[in-house]
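Could you put together the complete structure from these sequences and hints?
Number of protein chains: 2
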Amino acid sequence: MKPYSKLSKEELHNLKEQLEKQYEEVKKKGLNLDMSRGKPSKAQLDLSNGLMDVLTGDCNLVSSEGVDCRNYGVLDGIAEARKLLADMSEVPERNILIYGNSSLNVMFDTVARAMSCGIMGHTPWAKLKKVKFLCPVPGYDRHFGITELFGIEMINVPLYETGPDMDMVEKLVSQDASVKGIWCVPKYSNPTGVSYSDETVRRFARLKPAAEDFRIFWDNAYSIHHLYDDRRDVILEILNECVKAGNTDMVFKFISTSKVSFPGSGIAALAASRANIEDAKEYMKYQTIGHDKLNQLRHVRFFKDMQGMYEHMRKHAKILRPKFEMVENVLERELGGLGIGTWTKPLGGYFMSFDSLDGCAKKIVAKAKDAGLIMTAAGATYPYGKDPHDSNIRIAPSFPTVEELELATEIFVLSVKLVSIEKLLSA
Amino acid sequence: MKPYSKLSKEELHNLKEQLEKQYEEVKKKGLNLDMSRGKPSKAQLDLSNGLMDVLTGDCNLVSSEGVDCRNYGVLDGIAEARKLLADMSEVPERNILIYGNSSLNVMFDTVARAMSCGIMGHTPWAKLKKVKFLCPVPGYDRHFGITELFGIEMINVPLYETGPDMDMVEKLVSQDASVKGIWCVPKYSNPTGVSYSDETVRRFARLKPAAEDFRIFWDNAYSIHHLYDDRRDVILEILNECVKAGNTDMVFKFISTSKVSFPGSGIAALAASRANIEDAKEYMKYQTIGHDKLNQLRHVRFFKDMQGMYEHMRKHAKILRPKFEMVENVLERELGGLGIGTWTKPLGGYFMSFDSLDGCAKKIVAKAKDAGLIMTAAGATYPYGKDPHDSNIRIAPSFPTVEELELATEIFVLSVKLVSIEKLLSA
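Read top to bottom, the protein sequences are chains E and L. Mapped onto numbering that gives the first Met the number 0, the consecutive letters of the first sequence carry residue numbers 0 to 426. Mapped onto numbering that gives the first Met the number 0, the consecutive letters of the second sequence carry residue numbers 0 to 426.
Rather than coming from a laboratory, the hints here were simulated on the basis of the structure. Warning: the hint list may mix true and false statements.
Claimed, not checked - Facing chain L, according to a computed beta carbon distance under 7 Å, are these residues of chain E, among others:
1. M51
2. G263
3. T287
4. M308
As the list claims (entries may be wrong) - Computed list of lysine-lysine pairs in DSSO-like fashion (alpha-carbon distance at most 27 Å, straight line):
5. E:K126 with L:K284
6. E:K284 with L:K131
7. E:K344 with E:K284
8. L:K284 with E:K368
9. L:K131 with E:K126
10. L:K284 with E:K385
11. E:K126 with L:K280
12. L:K368 with E:K284
13. E:K131 with L:K128
14. E:K129 with L:K129
15. E:K280 with L:K284
16. E:K126 with L:K344
17. E:K284 with L:K126
18. L:K368 with E:K129
19. E:K129 with L:K385
20. L:K422 with E:K280
21. L:K361 with L:K422
22. E:K284 with L:K129
23. E:K131 with L:K280
24. L:K422 with E:K284
25. E:K422 with E:K385
26. L:K385 with E:K284
27. L:K41 with E:K385
28. L:K126 with E:K126
29. L:K41 with E:K131
30. E:K368 with E:K27
31. L:K131 with E:K128
32. L:K126 with E:K128
33. L:K284 with E:K41
34. L:K284 with E:K361
35. E:K284 with L:K41
From the three backbone atoms N, C-alpha and C, an ideal C-beta is built for every residue, glycine too.
Spelled out as structure tokens, the structure:
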């Protein structure tokens, strides 16, 4: 295909007319499609229905350490749940603290705790004049929401194929003591699908922060969420790298089973140095007598161990793979070579990321919406909802069926083409 | 029995010698008894085992409003769970917001939110020079823990048979704008078992706070936790009374199923005016995508409605009643008329409260511990762990068996007698 930029004004006008007809045809269908959120599909949820059956019929509800999981107690989680989530996080059990039903809540809680009580004896962030977080972009809107709520200033850091711009990260973290954290999704990043290179992880572990209470917020949401058996991203384990670099306390890792078992009914954990875990427990003991131990037991009984979880994730992959491939195929077929957009082809996770010509993302999302397709709001992948280039759009292929995705992606590319032509014509 | 105060020094010495022998005999048994925490017993937990069976076998996991409870979403709780907890709280459904697994966490979260973000547009409490809470005493240690963690100054208010000293409450609340809250357990209060009179509830509802963001923290933990069918405390519904008094937004009610189903695996809620609910949701949307909807559904399927819950509570009562009566009987038999202690005889809840001679509580708890009986730490029922009279001891009869309770209460009265004699002899 000839790039749109090489087309004459007349050719562009003709193309536009033709595409508008197609667009009006689609619009008439009154469709209601959604590629906006990373929700598992019904078929994926069905994979975990067995969770509902493992604690039934007056079965033994006592943990391996003899705790009646029905009663109060056990602040840090039952031993077998700590073991399972430790294995999932690739850290020793002593570095795990089990929380409630989602890692989003663990992250919120960790920031809230730092704000009101401080980290490991340091001044509460709420008492400082200025607190800043680095935000690799594009990134996850709910991360940015937490830091915005607490009035933390967010600084964009470009996210490359290898991870965040580490020159910039090193400079800001070492020179500015008001930089207290950085949001990272190190594997199959939301939304680009990028995984951090070994070099990036090592540079993270070797940071020399100006602030002693600087922490890397390492949201390993997609640690075992591969799409393929034979092609997988592998990343270095950050806590171990931090120990090796003498920065034992510098990282908070977050993990959950939300996209493994049932979203909202999973179990979540913080993985960190023992000093950080003790510090978190010191606050947690005022918050709760304990999290839902029956749900912890339910997860252990269902998955048994990491082998069980890996096998389960292969079933998820079998459902998700054709969906990602459908979107990629339509994008390639319809937009390949046109020079009006680029997109990522991740090997795992829940998202793909699309970059349009500058200044087109909001219009593309609006145009898609008019034809019955909901996309994540343009800008959502940036702090304060402000994409400086207005070009990034997150694509979430998990929830619709393959058939719906084909239709949805066709609406999407039609919208991309039309908005791009308008831009080129007005240039 | 002759009051100890009427005994001569010689009589006291003889009695002491005799009691010390008994105490040494008990000590030799090497017992390990616990009357410290309000934990349901195994027999009580068994009552709810059916909860584990109601969502099994690929049954319908869709809510009444068509929500797949396995997936993300529904911030405020599924409709049928809101209905059940609204009925339990005696408020309309629109005044209910479902949270996670315990009301302690809802209370923590509500104070944390007021500290960092403020209530309904008012200045965040963390930005004020001074924030104070009124604390009816004796009260619940975990309430005091939350306010202490956030640096809120706690002011003791005497708790009478009818509820807190309302003259003092009215005066402090109306004159001091730094008074932002009061902790209340209005029914079968922890630890005294007192329930607030209608007059007390009405005076609460008619408060004229100096601070617009003053809130009554109404922890209705034992709303349906009666011990008897024929003798029950009934209290006025505070939210409705507040509406009538033109103070619609002045109360936060907290409720949970922790001592109805399984502690730690229950569901909890905030009940408040619609404006307060919207304010809480505005914060909650950053914390979570939603709480555990499957556990909400599980509770509704198991209890069905309030009638089902009332019947369930009668089964709890049947197990708890003989325990409370055993403690009361031993106390009456052993201490009646001695003038060295008074105790409450509640009609519901989880606790009794014992008042020794001044300056004896810590020593009694220590003496009981030496003989193998754990009691709640003396002082725990007061802010900062400081009982000004060192006289209040909380008794939690729920967890041990009736046989263990008899033994435990005998150790307790022996400890009370010995410490009281020591005090009288040294006077």
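Exercise. Which of the numbered hints are not met once you compare them with the structure shown?
Worked result: Per hint list: 4, 7, 16, 18, 19, 20, 24, 27, 29 violated.
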